[in-house]
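Each chain, letter by letter, is given below.
8 protein chains.
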Amino acid sequence: MTPRDTDLDSLAALFEAVRAGRLDPADAERRARELAAAASFEDLGFARVDHHRAVRQGFPEVVFGQGKTPDQIARIAEAIVRRGHSLLVTRTDAAAFDAVLTRVPDARFHQQARIIERRVDVPRGQGTILIAAAGTSDLPVAEEAAISAEVMGNDVDRMFDVGVAGIHRLLAEQQRLHAARVVVAVAGMEGALASVIGGLVRTPVIAVPTSVGYGASFGGITALLAMLNSCATGVAVVNIDNGFGAAAIASAITHG
Amino acid sequence: MTPRDTDLDSLAALFEAVRAGRLDPADAERRARELAAAASFEDLGFARVDHHRAVRQGFPEVVFGQGKTPDQIARIAEAIVRRGHSLLVTRTDAAAFDAVLTRVPDARFHQQARIIERRVDVPRGQGTILIAAAGTSDLPVAEEAAISAEVMGNDVDRMFDVGVAGIHRLLAEQQRLHAARVVVAVAGMEGALASVIGGLVRTPVIAVPTSVGYGASFGGITALLAMLNSCATGVAVVNIDNGFGAAAIASAITHG
Amino acid sequence: MTPRDTDLDSLAALFEAVRAGRLDPADAERRARELAAAASFEDLGFARVDHHRAVRQGFPEVVFGQGKTPDQIARIAEAIVRRGHSLLVTRTDAAAFDAVLTRVPDARFHQQARIIERRVDVPRGQGTILIAAAGTSDLPVAEEAAISAEVMGNDVDRMFDVGVAGIHRLLAEQQRLHAARVVVAVAGMEGALASVIGGLVRTPVIAVPTSVGYGASFGGITALLAMLNSCATGVAVVNIDNGFGAAAIASAITHG
Amino acid sequence: MTPRDTDLDSLAALFEAVRAGRLDPADAERRARELAAAASFEDLGFARVDHHRAVRQGFPEVVFGQGKTPDQIARIAEAIVRRGHSLLVTRTDAAAFDAVLTRVPDARFHQQARIIERRVDVPRGQGTILIAAAGTSDLPVAEEAAISAEVMGNDVDRMFDVGVAGIHRLLAEQQRLHAARVVVAVAGMEGALASVIGGLVRTPVIAVPTSVGYGASFGGITALLAMLNSCATGVAVVNIDNGFGAAAIASAITHG
Amino acid sequence: MTPRDTDLDSLAALFEAVRAGRLDPADAERRARELAAAASFEDLGFARVDHHRAVRQGFPEVVFGQGKTPDQIARIAEAIVRRGHSLLVTRTDAAAFDAVLTRVPDARFHQQARIIERRVDVPRGQGTILIAAAGTSDLPVAEEAAISAEVMGNDVDRMFDVGVAGIHRLLAEQQRLHAARVVVAVAGMEGALASVIGGLVRTPVIAVPTSVGYGASFGGITALLAMLNSCATGVAVVNIDNGFGAAAIASAITHG
Amino acid sequence: MTPRDTDLDSLAALFEAVRAGRLDPADAERRARELAAAASFEDLGFARVDHHRAVRQGFPEVVFGQGKTPDQIARIAEAIVRRGHSLLVTRTDAAAFDAVLTRVPDARFHQQARIIERRVDVPRGQGTILIAAAGTSDLPVAEEAAISAEVMGNDVDRMFDVGVAGIHRLLAEQQRLHAARVVVAVAGMEGALASVIGGLVRTPVIAVPTSVGYGASFGGITALLAMLNSCATGVAVVNIDNGFGAAAIASAITHG
Amino acid sequence: MTPRDTDLDSLAALFEAVRAGRLDPADAERRARELAAAASFEDLGFARVDHHRAVRQGFPEVVFGQGKTPDQIARIAEAIVRRGHSLLVTRTDAAAFDAVLTRVPDARFHQQARIIERRVDVPRGQGTILIAAAGTSDLPVAEEAAISAEVMGNDVDRMFDVGVAGIHRLLAEQQRLHAARVVVAVAGMEGALASVIGGLVRTPVIAVPTSVGYGASFGGITALLAMLNSCATGVAVVNIDNGFGAAAIASAITHG
Amino acid sequence: MTPRDTDLDSLAALFEAVRAGRLDPADAERRARELAAAASFEDLGFARVDHHRAVRQGFPEVVFGQGKTPDQIARIAEAIVRRGHSLLVTRTDAAAFDAVLTRVPDARFHQQARIIERRVDVPRGQGTILIAAAGTSDLPVAEEAAISAEVMGNDVDRMFDVGVAGIHRLLAEQQRLHAARVVVAVAGMEGALASVIGGLVRTPVIAVPTSVGYGASFGGITALLAMLNSCATGVAVVNIDNGFGAAAIASAITHG
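Chains as they are written, first to last, in this note's numbering: chain A, 1 to 256; chain D, 257 to 512; chain W, 513 to 768; chain V, 769 to 1024; chain Z, 1025 to 1280; chain S, 1281 to 1536; chain R, 1537 to 1792; chain E, 1793 to 2048.
Please note that the accuracy of each hint is not assured.
[Claimed, not checked] Chain D side only, calculated, beta carbon under 8 Å to chain A, not exhaustive:
| no. | residue |
| --- | --- |
| 1 | G314 |
| 2 | R437 |
| 3 | R458 |
| 4 | T489 |
| 5 | A492 |
| 6 | V493 |
| 7 | V494 |
| 8 | N495 |
[To be verified] To list a few chain V residues with every Cβ distance to chain S over 12 Å, as calculated:
| no. | residue |
| --- | --- |
| 9 | A781 |
| 10 | L812 |
| 11 | S854 |
| 12 | R887 |
| 13 | H936 |
| 14 | R937 |
| 15 | A947 |
| 16 | E958 |
| 17 | N997 |
Everything labelled a hint here was simulated from the structure, so no lab data went into it.
Cβ atoms here follow ideal geometry from the backbone N, Cα and C, with glycine treated the same way.
Please model the complete structure; the sequences and the hints are all you need to start from.
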C-alpha cells in the first residue's frame, strides 16, 4: 500500500479498494486508523493544531494566547493561515503581534480587545448580534466579543454604557434590543443588566460577567453568580471576561 | 373620560382621540400611564401575574413552584389558564398538583420532572433540541428540560447515560448530535460531558450542571465551574439543576 | 449607706450627697460602680435582659428566638413586658408562642413572619417605610420587616412581586417609590431589584437578600453579593433573610 | 414638527400641543419617545452620561474612575461640569487629575481619598455625619467617605483610631456619637467597631468593611461578614472599602 | 448482510469478508460502525450498561447507587451478572439490596460499607493493599475501600484507629506499613495521617479524606486540602469519602 | 524468653537482663519493640485506646462521641474506667449514655453540654477558668467548655449573656475578668466578644466561635474569621463549637 | 478646680476632695469623666496611642506597621518611647526603620522578622517558649514570633525544620518539647506539625499557620483549617503568618 | 564507650556488644537513642537535611526551592551531593542555579520546568510513565513531572496538546496510552482530560490540575475539583501545578 495515497482518503474508498483487490485487508485496517488521525491535526511538537475543527465546528481552531510564547503563537498562526483558515488569537499582546507579523504580514491587532486576527470569507450569520455593555470599564470584554463575532462572519450592533443605575438609557433602546437575533449582555459589579435585558426580549441572551468592580465583586464572581441566578428566562452564561466565548455561541446561533 | 375605554388601548389611539377632541389632554396623560400598567399584569395580592410576558417574550410567565403554597400556585395557574396561555409550573409537587386540579382540571403532572403543565398551541421551534444526560441520576433534571421544551413547542430528542467514563457510548451517537439545532448537555460530578460534546458539534451547547455527586462536587459547583471553563467553544451554562432554564434559552434559539 | 437608695440614682446625685455629708466617699465610689450596672440589666441566670436599651437605642431589647427554648423566651418576654416595654420576638414559632401566652396573655403571633409581639405606644417615625419584595417566595422575609417596622412605630407600605423579570410592574409604581422615606428592597436569586430601585429613587435603600433560589444562589449569598456590588448609589445591605434588621435601621432613619 | 422644540419638553406639553392643533398625533408620539431619552443622558460614544440623575436622585452621576482612561474621565468630567453639576470622581489618581485639569481647571484632587471633585452649591443635609475609623490604616477609606459626604452637602465629624482593642478611646467619645444624625463605621480586621457602636447609639449606622488586615482577613471579607452579622441593631453594610457608597446612603438619610 | 452475524465481530473480520466477496463494502462500513457500539454497551432505556469496560479497564462497570431507584439498580445488576461479570454497587442501602436479591439471589450486602456485591474470579493483584484509618468514625469509608479492593481481587490489610494524636500507635506498625504494595490512608479532621504515613514509606499512598469532623472541617474539605498539600511525597488524593475510588486506583497499581 | 515477662517492662531492664545473661540479644530487640507498643494502647478491634495519653499529656484519651455507635462508646468507656482514668465523652447523647451505664454505672450525663463523664481525682489547676458567653443561644458550647474544664480539675467561673450589643453588661464585670487565669470567650454571629475581652485583660483568651446565627454567619465561619483577626492581642482560637477544645488548652495553661 | 490637677488622679481622690470641700461636685463629675480619658491615650490626630495598655494588658501598644507611612510609624514610636515603654513594630520595613531612627536612635531592626524594636526591662515570663517551625521557608514567621516573645521578656528556644515528612527529626527532640512552658508550632502546607506536637506534649500549643505552599494551600488557608481541626488536644490557633500574635498569647501564659 | 563508634551502628549490634561485655547497658541505652537521630539528618542551622529519606523512601530529600534563598539552596544541595545522592530542586530559578553551580559544578538547570538536578544511578522503574498534557500552556507543569520522573529513574513518554476540545487527537494515541505503566494527566481549565483518559485505560492515572485558565478557573481550583470528581475510576489527584508530586507517586508505582 502506498502510504498517504490520496485516493484512499475515506472509509468508503478503503472498502471499495479492498473489494477491487487494490488493497490488502490488513493494510486497509491500518490505513483506516491512520486516516482518522492524519487529516485532522498537525503536530508542531509543542502543539497539535486541530485543522479538522473547521469542518467539525464551522470555524477553525482559535488560539488562546495566554501562557504561550510569541514564537509559539506565531508558528501556530502560520500553520492556520497556510491552510487558508481565518486566524483568531485571543488574550494576546503587542509582543505576540510582532512575532505573528513576521509570518503573517497582513494580520491585524486590536489592542483594547487583545485580539490578533486575519479574516477570510466565511459564511454570514443570520441576523444581528447585539453587544450590550453596562459600563465604560466593560469595553475591553465587549470589544473582544464584538471583534470575535465579526471575524466569525456576523453583523454586530454595539450598545455601550447602558447599566441599570440609569435604566432609562436601556429602556430607550428597546427597539434595537428586539431587532437582534442574539443579545450578548456584558456587565461587572452586580451584573443586573443580564436580568433586565432577559426580561425585555424574547431572543436568547448570552451573559458575560466581567471582573469590573472591587471588594466583594471578587473579580467577577458576583456578576457570574448573579447572571446564573437570573430571574429572567432565556439567559445562559459564559466564563468571567470571556467575550470570545460569548461570541462563539452567539455565532453558533446565527449560523444554525 | 370613560375609564378603561377599550377604544383607547394604545398610545397612538390616545393621541388620535385627543386630536379628535374626544379626550382631554390631562385625561389622556393619566390614561397613558394606566395603559402601560393595566394591560400587563394582574395583581392577586401576593403575586402580580405578568400577562404581558407572552407578548414580550413569546411565552407566558412560568411559575417557579418552590416556596409558594399549593393554594398560591393554584390561583396563579388559574389566572394564566383563564387568559388562554400555556401553563408551566416547575419545582413543584403532588400537593400543589392536587390544588391546581381543583381550578385547572386538565392539568398534567410529571413527577420525575416535578412539573405541572397544560399545553396550548404555540408556534413550533425550528429544528430539534437534543437533551444529553451523563448518567441515570441526572434524569430528573434532564426531564425537566425535555418537558419544558416540549411545552414551549419543540421537538425533543433524549440521549441518556452517555457520560465520558465510557466515551464510546457518546461517540456512537455523533449523527444524532450533529442533527440537532441545539444540544442541552446535562451532567453532574466533573461535568466533562459539556466539553466533549462542545468539541464534537457546531451547534450551540447549553450546559446544565447537576447536583449529582458527593464530597468535593459541592452540590453541583464542580460541574458548574467545569462547564464555565470548557476548553471547547460554543458552550454556555445555566444554573445548577436548572433544566427549565436550559429549555428556555434552547427554545429561544429554535424560535429565533 | 442604704443599699439601692433610690435617691442616689445618678452620678450627680452621688457627688451632691457626698458634699452634703450624707454619704461616705468610699461608699459613694462603690455605689457609683453599682449604679452603672444595676439599673441597666436584669440577670435571669441564662440571660441578662438589657433594659437600658430602650433609653440608649430608642427601642427595648428584641429577642432573637432561634436557639432559645420556649421557656427561656417566655421568661425574657415577661421581664420585658413587666417594664412596660414593647415586646418583639423574631425567628420564633408556635411552641414558643404557647409558652409566652402563659405569661403575656395579650401577645400576638404572626406565623408567616415568625414573630411574637405585643405593642405599646412608641414615638411615630417620620414618613413611610416601603417594603418592596421581588417575588411571592420572598414574603416571609418581607413580612418580618413589615411587622417589625410597625411595632417600632412606623407606617408601612407593602409592594410585593415586583421583580425585574417583568420590570414594568415596578416602573408602574414609581410614585409610591418616590413617596417613601426609606425603601426596603427584599429579593433572592440575583437580587437585581435593589439596584434597579436604587437607580430610580433618591431615598435610602436598605437591601435584604433572601435565601430564595437554588443551585448557585447558595442560600442567598448571590443576592447578598449582588446587593453589596450595586452599581446604583444609596444602597446598604443587611444579612440574608434579615427582615428585622432592615426594619431596625429603617426605623432608625424615620426616627432621626 | 420642529425637532427638539424646547416648548415641547414634557408629556403634558405634548398633549396640550396636540389639542391646540399645533402638533400632529403621530409626531407627538414619536416626540414623546424621544423626550424620555433625549433629556436624560448624553452619549459620548464610550459613555452615556446620566444627566437625569441629578433630578431623579438628588445628586448627579458620580464617576467611578477605576478602569477608565484619564482621557475618558476628563471628557465625562467636562460634560458634567458643563451642565453646572457637582463633579465627583472616585478611585482615581494623579494622572487622571492632570487630564481633568485641562478641561476643568478648578477641580481639586485628594490623594489619600483618591478623589477628584469640584463643588457647586447643593442642598445641605440635616445633621452631622460622623465618620468613625478603627485604625490609622483605615484612613484612606474613611477620607473617601468624608470628602464624598462633604461634596454632597453634609457636615462631617471625623473620629479616627477608635478601634475596640482600646475600647476606652471610643467610650470617651459617646457624646459625639450620640450627636450625629448618621454614623459611618469604618474598620478592617474583625470589624467589631460596627457592633460596638451599633450597641451604643440609636442613630443609623452604615458599616464600611476595609481590606486592612492580612491572612484570614481575606482582603476585607472577614470584616464584611462580621458587620453583616452584627448582634447590634440599626447597622447596614456597604461593599469593602466603599467609602463613597457609605457617604451616598448617609447623605440620602440627611437629605430625607 | 445478516445483521449481527457473529462471524463479523471485529474490524479485521469485516475486511476479510469484503475481500472474500462475502460482504458488500457499503454494508461493511455500516456494520463497522454498528460493531463499535453494539458489543460495548446495553441500552436499558434509563441506562447504558458499559459491558466493554471489563475489557478496557480490567473490571466491569461499577454501579454508583446514589440517586438511582432500587428497581434501576436491580435491573443494572442483573444485566451485569448475566454477562458473568463481578457485581459491585456502592453508596447503596438495604432497600436496593432487597430489590437486587429478586434478580441476583446470591448477592451480598455490607451495611457499614454500604456495598452490594457478588464476586466472580478475577485476576489477583500483586501485593497487599493496606487500609489505614485514623479513627473509629472513619470505618465506613475504610470498609468501602477494603471490600471494594477485595472484590477486585486484592489482599487487604486493615489497620484502624492509628490517628496522629497518639502517634506511637502508628509507629508501632511500621513493619506492616513497609510490607504493603500500596497504602490507602483514610482520615477526617485535619487529615495529617496521610502526611505522616507518606513520610514513613516508599510505597504509593492513596489518601482518602473523610467527612468526619465538625465546624471548620467543612464536611471533609479540610482533610482534602491538607492531603493535597502533604509535605511528604508519594501521596495522591481521591474525593471526600471516596473509599471505592481509592480501592480502584490501588487495584490498578497491584494489577499493573 | 518468657513473653510479656513483667520484669522486663522498660528499656533499662532489658539491657540489664541481657548483661546478666538472662536474655538473648535478639529476643531483647524484639521485646524492646513490643514494649513500646504494648504498654501504651489497647486494641479493641475498632479502636486503639490510647492509655499512654494520661502519662504523656496529663489527661487520658477523651472520647469523641460523634460517629461512634453507643456500643462502641460504652466499650471504650469501660476500658478507660478500668484503668482508673477520668472518663470524658463529648458530642454524645442519651442513647450512648444508656449504653455506658450498663458498663460504668456511676457515669453522669449533661444533656445541654452533650457530655458523659465520670470524675476521678486529678491534679488541680492553678487559678480560675472564666467562661464568658455572648448570648443565651451559646450556652450548649459554653457548658461543654465548663464541664470539660471541671472534669480536668479546674475551678470554673461562668459569665453568660454578655454580648457587645449591650456592652455595659460586660464592662460591669471587669473585676471577674481580671481575676481569671484564662478567659474562654464563646460567641457566634460576629464574634466581637473575643476582641473586646482581649482588649480589656492581660490573661490569655481562648476564643470559641459558635454556629449561632443565620445567613452570612455560615454556621460559625464569620465568628471564626473575626476571632482569628482580632485587633486585640493575646487571643487564640479553636474550632467552631469546640467547647471541649477550649477547655483542654485552658486546662493545659492552668496545669503548667 | 485646677484642670489636670495631679492630686486628683483617681476616682477615690475625687470623692475625698469633695468630702474635704476642696472640690465642687459638678467639677468633680466633669473631672471624673476627663480622668478616664486623659490618662489613657494620646491623640496624634491620625492615631490615638493607647498608653493605658501597659497597665491594662501588661505590655504597651504594639504598632502594626502595615498600611502606615514611615513618618506615622516614627511619630507613634517616639510617643511610646517617651513614656519609657518597650517599642515593638511589626510588619514593617527598612524605610520605616530609617524614619524611626531619626526619633529613636537606639531602635533595632530585624529584617527577616520585619520587626523594629527597642527593649526596656519588663517582667520575665516563667518558663521557656519553644518555637518549632516545619520548614526553612517558615523562618520569617517563626522569627517574628521569637523576637516578639523575647522583647516581651521571655526565654525562647528555636527548633527549626522539623516537619512531619521526616518525623524522626521531631521525635529526636521530645525532651526539649517537654521542657517548654508553651510550644508555638509554625507550619505551612498541610500544617500537620501542630497535631503531631499536640499529641506529644502536655503543654499548651499555639499553632501558627503560614502562607508557605502553593496551589490548594490557598495562602495558608489549608494549614489554618488543618490546625483548627487538630485531632490532638491542647491546640489553639492564631491568624495566618501571625507570629507576633502567637508570641503575645504565649507571653500571656508565661506571665500568668 | 567511644562516641559514634562505627561498629555500633544498629540496634542489633548494640545488644550484641552488651552481651559480649563490650558495652555497658546504660551506655547502650544512650547510644540507642543517639543512633536513631544521628545517622538520619544533618543540621545546617536553618535546615535539617533528611539523609535517612533515601533509605526510608527510596529517593533522597527533594528540595522545595520556593521561599528559600539561593545560598540556602546551594548549601542544602552540597550536603545532599556530598552523600552521593541524586539532587533535585523544584520551583527554583536561575539565581539559585548560579549559587548551586559554585558548590555543585555539574548540576543542570531546566528553565521551563524550573528544576535544578544532578543525576546519579538509581534503580530503574518498571514500565513507562506517560505524561499527557491538555494544552501548550500546561507544558511547564508537564515538564516538571517529566524531568522529575527521569531523575528518579524512569522512562518517560511525552504526549502534549491532547485536550478534549479536539478529542480525536487523543483517541489517535490510544496505543501509547495502553502501553504505559502509569499515566500522568496534566490539564487546566475544566480538567476533563483526566476523566476521558481514566475512561480509556486500565492503568493508574495521576491527575495534575494546572493553574492555566482565567476567571472561574480560579487558579486551578476548577480543574482540581473536576479531577477529584472524575466519573472514571482509577484516578487520583495531586496539588495544583504539582508536576513533581505526580512524578513522585508515579515513580513509587513503577518502583513497587
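Do the hints match the structure? See the list:
no.: 1; hint: G314; result: holds, 4 Å
no.: 2; hint: R437; result: holds, 6 Å
no.: 3; hint: R458; result: holds, 4 Å
no.: 4; hint: T489; result: holds, 4 Å
no.: 5; hint: A492; result: holds, 4 Å
no.: 6; hint: V493; result: holds, 5 Å
no.: 7; hint: V494; result: holds, 5 Å
no.: 8; hint: N495; result: holds, 5 Å
no.: 9; hint: A781; result: holds, 50 Å
no.: 10; hint: L812; result: holds, 39 Å
no.: 11; hint: S854; result: holds, 35 Å
no.: 12; hint: R887; result: holds, 35 Å
no.: 13; hint: H936; result: violated, 9 Å
no.: 14; hint: R937; result: violated, 10 Å
no.: 15; hint: A947; result: holds, 19 Å
no.: 16; hint: E958; result: violated, 4 Å
no.: 17; hint: N997; result: violated, 4 Å
In summary, the numbered hints that this structure violates are 13, 14, 16, 17.
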